[in-house]
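One line per chain: the protein sequences are A and B, in this order.
The opening position of the first sequence corresponds to residue 1 in this note's numbering, with each subsequent residue numbered one higher.
The opening position of the second sequence corresponds to residue 1001 in this note's numbering, with each subsequent residue numbered one higher.
No lab work stands behind these hints, which were simulated from the structure alone.
No experiment lies behind these values; they were computed from the predicted model shown.
Be aware that one or more of the hints could be misleading.
Quick list of the computed label-pair ranges, beta carbon to beta carbon [unchecked claim]:
# : chain 1 : residue 1 : chain 2 : residue 2 : range
1 : B       : R1277     : A       : P72       : 55 to 61 Å
2 : A       : K84       : B       : A1341     : 18 to 24 Å
3 : A       : V49       : B       : A1368     : 18 to 24 Å
4 : B       : E1035     : A       : V89       : 43 to 49 Å
5 : A       : Q66       : B       : R1277     : 29 to 35 Å
6 : B       : E1303     : A       : P74       : 18 to 24 Å
7 : A       : A76       : B       : T1244     : 31 to 37 Å
For glycine and all other residues, C-beta sits at the position ideal for the given N, C-alpha and C.
Listed here are the chains, written in short residue letters.
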Amino acid sequence: MRVSEEEVRRVAELARLAFSEAELRQLAGEFNRILEAFAKLNEVDTTGVPPTAHVLKVKNRFRADQIRPSLPRPEALRNANAVKDGSFVAPLVME
Amino acid sequence: MELCDLTLHEIKDLFAQKEVLPSMVMASVVKRIGEVEEKLGAYLALDLEAALAAARAADDRIKAGRALGVLDGIPVAIKDNLCQAGRETTCASRILQGFVPPYTATVVQKLLDQGALILGRTNMDEFAMGSSTENSAFKPAKNPWDPERVPGGSSGGSAAAVAAGEAIAALGSDTGGSIRQPAAFCGVTGLKPTYGLVSRYGLVAFASSFDQIGPLAKDAEDCALMLSAVAGFDPLDSTSVRGTPVDYTQELDRELTGRTIGLPREYFGEGLDPEVRRLVMAAVAQLEDLGARVVEISLKMTEYALPVYYLISSAEASSNLGRYDGIRYGRAAAGREDLAAYYTRTRAEGFGPEVKRRIMLGTYALSAGYYEAYYQKAQQVRTLICREFAEAFRVVDAIVTPTSPTLPFRLGERLTDPLAMYMSDVCTVPVNIAGLSALSIPCGFARGLPVGLQIIGRPFAETTILNIAHQYQKVTGHHRARPCGTGHDRAEQEGGSPDEV
């Protein structure tokens, strides 16, 4: 399975990343080498084997729904690039 | 030997005898930092004024015999992916430049509560992605045994700082070997705890089903003390496991008679440096002399561990790093006219090449049409790797392997070849895949460079692997060699390895 530069460009859009043409060419080459090496996994018969997402047996952990102090709003906003009326400011999504 | 070259437990004993005070240890560490830091680049930020003030307060407690705990007055370093309120935390990434966390990681709070002196934040590969610390956006860290070589990664700054006496002990994080491999490269002892043992609240996430925080220190006893200080249940981390507090020093002095150690042949195949093999096999013989029974075992799934690790960890990273959008925190691109373009510019400018490569690989592995072939396949093989380890641990108490197949490599040597860099982790990633406990201890020197022995244990069997490591260190001297300071220890190493003491 060869990965084309066009495909790498599409993945970059999904990942919200941008690359120059030269970088795209290089990435496509690296992708193909890496995925070729990783294709080794196809040797393994995994019929009927359940996937492991994480190794712990714990599922959801619940706690009592009690009101507790939380981070003060100015603290939560302190690292933002733009703040207005106690909120984060994001670029306009719709006119 | 200077105070900064002593172990944590030696300093603790000197404190108890009131022969030494925290300020004296701090002065020695500060002096060493002044001598070597510019050359080694182990730290991204130093916080010496706060640490010196904390040392004076610790002096009074030690003098009054009211120490807060074994870490009271001990200068330690923390990796720059652990949040501390009011201190810039960057993960060695431009995208987090200027980020000042509003809260403190549980492990850092535990260190502070026990009186530890936090010296500063150590250098690392950007977002902990790498095996050489060359992926730091700010500067590479260097190996104290040979500054032309890498200290390993991603916790290379923590390992270099401890080896060089720029800290008495340190915290790192280990997603695929990021504590153990730099510990091996720098000749220190590093422990990756079982998944779920140490709280990750306040650790900047890389790959959430693998990440664990653990200690890097000068010997197994120090690692046991550090682990005892930071382990334990935390309601703020949903993957934290409930359990009663454990004193991880409790089994250190147990004899090895009755312990069975497995030697997996797959870890000794192609690509292993003959010098590394020789020193690891000598260490295995030493463990046999100490009474352990060594049996050869086979872990046939080993060759699949690297692709499983890189597919799953990159997928998790692509999701975890989605949060860096330039809106709520972190460095942002100029111009805010269009949301999607703003995100893209922020991320394209803020992330380095390896982080982008992993986000891309992970996004690809998770994308429609490839999910089953890559991500799901890797998760299924992960199940088989877990089962194989569980099977092995029915007959052995621990598994011994090299930590890294090679000696520390030169700066730049693997930077242009991602696959060659990924190969550095071939012996360490299986442990994270299965969520096991493991540590690396120095087992000798080849061409003047340290070699690490990895000891892998069952989940939550940290006392067992620490016991094996400590018994080995009681009869060997590799962990006592220091690269900086007198110069005497270094010369001794180059002549060969001082086996018996």
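Here's how the hints hold up against the structure:
1. R1277/B to P72/A: 55 to 61 Å: holds, 57 Å
2. K84/A to A1341/B: 18 to 24 Å: holds, 21 Å
3. V49/A to A1368/B: 18 to 24 Å: holds, 23 Å
4. E1035/B to V89/A: 43 to 49 Å: Distance hint for E1035/B, V89/A holds at roughly 47 Å.
5. Q66/A to R1277/B: 29 to 35 Å: violated, 57 Å
6. E1303/B to P74/A: 18 to 24 Å: Violated, at about 53 Å.
7. A76/A to T1244/B: 31 to 37 Å: holds, 35 Å
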